[in-house]
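Top to bottom, those sequences are chains A, B and C. Okay, so the first sequence: first residue is 17 according to the numbering used here, each after it adds one. Okay, so the second sequence: first residue is 17 according to the numbering used here, each after it adds one. Okay, so the third sequence: first residue is 17 according to the numbering used here, each after it adds one.
It cannot be assumed that every hint is accurate.
Since the list gives no way to pick one copy over another, a pair counts as held whenever it fits inside one copy or between any two copies.
Once the Cα atoms are required to be at most 20 Å apart in a straight line, the calculated SDA-like pairs of lysine to any residue come out as [said to hold, decoys possible]: (1) K95 x H78; (2) K95 x L211; (3) K98 x D185; (4) K98 x E154; (5) K95 x L171; (6) K98 x A126; (7) K95 x P212; (8) K95 x F72; (9) K98 x G191.
Derived from the structure by calculation, the hints contain no laboratory data. For clarity, every value in this text was computed on a predicted model and none was experimentally measured.
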Amino acid sequence: MLQFIELLAVIAAGTFGVLLARRKGMDFVGVFSVACMTAFGGGTLRDLFLDRHPLFWIQNHHYPLIVFALAIATSLARKIPKVVERALYVLDALGLGLFSVVGAGYAMEADTSWFIASLLGTVTGTFGGVIGDVVCNELPSLFRSAPLYATCSFLGCWVYLLLRTAFPDQFIAIGVGIVAIVLLRLVALYWNIRLPEFSPADADDRRQP
Amino acid sequence: MLQFIELLAVIAAGTFGVLLARRKGMDFVGVFSVACMTAFGGGTLRDLFLDRHPLFWIQNHHYPLIVFALAIATSLARKIPKVVERALYVLDALGLGLFSVVGAGYAMEADTSWFIASLLGTVTGTFGGVIGDVVCNELPSLFRSAPLYATCSFLGCWVYLLLRTAFPDQFIAIGVGIVAIVLLRLVALYWNIRLPEFSPADADDRRQP
Amino acid sequence: MLQFIELLAVIAAGTFGVLLARRKGMDFVGVFSVACMTAFGGGTLRDLFLDRHPLFWIQNHHYPLIVFALAIATSLARKIPKVVERALYVLDALGLGLFSVVGAGYAMEADTSWFIASLLGTVTGTFGGVIGDVVCNELPSLFRSAPLYATCSFLGCWVYLLLRTAFPDQFIAIGVGIVAIVLLRLVALYWNIRLPEFSPADADDRRQP
Chain A
17 MLQFIELLAV
27 IAAGTFGVLL
37 ARRKGMDFVG
47 VFSVACMTAF
57 GGGTLRDLFL
67 DRHPLFWIQN
77 HHYPLIVFAL
87 AIATSLARKI
97 PKVVERALYV
107 LDALGLGLFS
117 VVGAGYAMEA
127 DTSWFIASLL
137 GTVTGTFGGV
147 IGDVVCNELP
157 SLFRSAPLYA
167 TCSFLGCWVY
177 LLLRTAFPDQ
187 FIAIGVGIVA
197 IVLLRLVALY
207 WNIRLPEFSP
217 ADADDRRQP
Chain B
17 MLQFIELLAV
27 IAAGTFGVLL
37 ARRKGMDFVG
47 VFSVACMTAF
57 GGGTLRDLFL
67 DRHPLFWIQN
77 HHYPLIVFAL
87 AIATSLARKI
97 PKVVERALYV
107 LDALGLGLFS
117 VVGAGYAMEA
127 DTSWFIASLL
137 GTVTGTFGGV
147 IGDVVCNELP
157 SLFRSAPLYA
167 TCSFLGCWVY
177 LLLRTAFPDQ
187 FIAIGVGIVA
197 IVLLRLVALY
207 WNIRLPEFSP
217 ADADDRRQP
Chain C
17 MLQFIELLAV
27 IAAGTFGVLL
37 ARRKGMDFVG
47 VFSVACMTAF
57 GGGTLRDLFL
67 DRHPLFWIQN
77 HHYPLIVFAL
87 AIATSLARKI
97 PKVVERALYV
107 LDALGLGLFS
117 VVGAGYAMEA
127 DTSWFIASLL
137 GTVTGTFGGV
147 IGDVVCNELP
157 SLFRSAPLYA
167 TCSFLGCWVY
177 LLLRTAFPDQ
187 FIAIGVGIVA
197 IVLLRLVALY
207 WNIRLPEFSP
217 ADADDRRQP
């Protein structure tokens, strides 16, 4: 079950990468590379930060193959239909939930503090998109005012962390954590709930006082 | 004493990250993330390059909490007063000194060559800002003509490396190395000493001969 | 022999970094840093992903020294002559071949799947340039329509992987793999063979449905 959700999440994250790379007018190398970054970037950071080896996409060596097939398939498609894209947002929310909770769980296994675990969970769930945006020369959309994304992940990680000490059965904590993130994300998307933005008022430059 | 300097340095580097993110019109997620990158980026690269685990901010798990509090505090503040910003440059110079010397020391512990140790010291002291700039879609200010920054770190690392072989007492080398970097940096800031820039004359593009 | 090719490849990749940094109007710190990124970036990613320590440029500690000398030498030169630049493309092709095949070999040593090995070989050969481009605030040229580069590396890795199971003598596989990549690259450069680009038609933005 979790395996199957993870697979869907990789596909959803990879497809967002494909869309991003296509908007930038890249060729197949770019489309595949950016798709890998959005799909595997967050988990790779987590694995490197926690010194987990082999990396999850080297271990699950069919994941890069799936993204490869995805990049070929979408290269042939002229346009991604709107209904597919809407489905992608739901799959992506599912992936956000799963990756965040699993990431926080791995961090706890490595004996980090709760706060570090919630941060690493959020990084696992969200930083693939940040890496993709940075490589595509865009200000990361995660850092700008948009329907809550990292915030859902962060809050859901705390739900998971609190439940896992309360219940001996791991699956309750994992399940409720994922559901919490997915619901938060869908609610944020539907009602367009955002954090306030800072107006870029300070015009001072670093190291030039 | 060194602990206390490190704490001040994290606060200074984090605040520069907050300022950078605010200039870009980010929301709280962006402000906190960029502040973490400028505060922990250099040390994280050093730890990954030298295979030191747990990473220093996972070990000192109160550091991300402090940056979190800092991001909240500065979010409430409308504008950072000029006098605080000037103080930040002094704190930042202190942090540059401490992080560089400590970074070079960790590298020597891992049996690198002196040149590698001086490079890793410089990376520890300066690359947080580079990562912050890159993620914020700016050409890294470290790489452009501005009052000497990486150069101070690099020279101070050599002062430290030379002294640590000469004196059995580690604290002399560490202390003098830090003081050298801080003084160099403040002198460079005060008299606006810079390296020359290259005028972007070559107009050839890579891989398109 | 392989050592000598590797040295030439580091010089070629470093020089491309120098040219890139100069086009951006950076100072010496920037020129040296970007040159290190283009020269060592791909191999560093490979070493981190495969958990190989010490990193190859910490082990071969004369490499950063050579790039340092290179950055000084090119700083003194006003302009790089066209004939040198043409020679650089040949050296770079040689480096692409060597790094890709060696990278794929290291991956196989770490018991990855063939597909992962071919990806890591390609990353080793090509991602130094990607990191340099990203840090210099440019869309990676690797991801845009240009004479085949990553594709040559990827195909050559498969030549190597197939031959290394067929022949007990490692050197045949390594040699033929490198020659295949160099030839593919030179052919692609000469006849300007490219992958098609995607026209940036999709105008949808991520997470803003």
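Okay, the hints, checked on the actual structure:
Proximity of K95 to H78 under the C-alpha cut-off of 20 Å is found in neither arrangement, the shortest distances being 26 Å within a copy and 48 Å between copies. For the homomeric pair K95 and L211, the shortest alpha-carbon distance between copies (19 Å) is at most 20 Å, but the shortest distance inside one copy (32 Å) is not. Taking the shortest Cα distances, K98 and D185 never come within 20 Å of each other, neither inside one copy (40 Å) nor across copies (54 Å). When the C-alpha separation of K98 and E154 is checked against a cutoff of 20 Å, the pair qualifies neither within a copy, at 23 Å, nor between copies, at 30 Å.
When the C-alpha separation of K95 and L171 is checked against a cutoff of 20 Å, the pair qualifies neither within a copy, at 35 Å, nor between copies, at 29 Å. Taking identical chains as interchangeable, the C-alpha atoms of K98 and A126 are never at most 20 Å apart, the minima being 42 Å within one chain and 42 Å between chains. Taking the shortest alpha-carbon separations for K95 and P212, only the inter-copy value of 16 Å comes in at or below 20 Å, while the best intra-copy value is 33 Å. When the C-alpha separation of K95 and F72 is checked against a cutoff of 20 Å, the pair qualifies neither within a copy, at 31 Å, nor between copies, at 43 Å.
Taking the closest pair of Cα atoms, K98 and G191 never come within 20 Å of each other, the shortest separation being 30 Å inside a single copy and 49 Å across copies.
Checked against the numbered hints given earlier, this structure breaks hints 1, 3, 4, 5, 6, 8 and 9; the rest are met.
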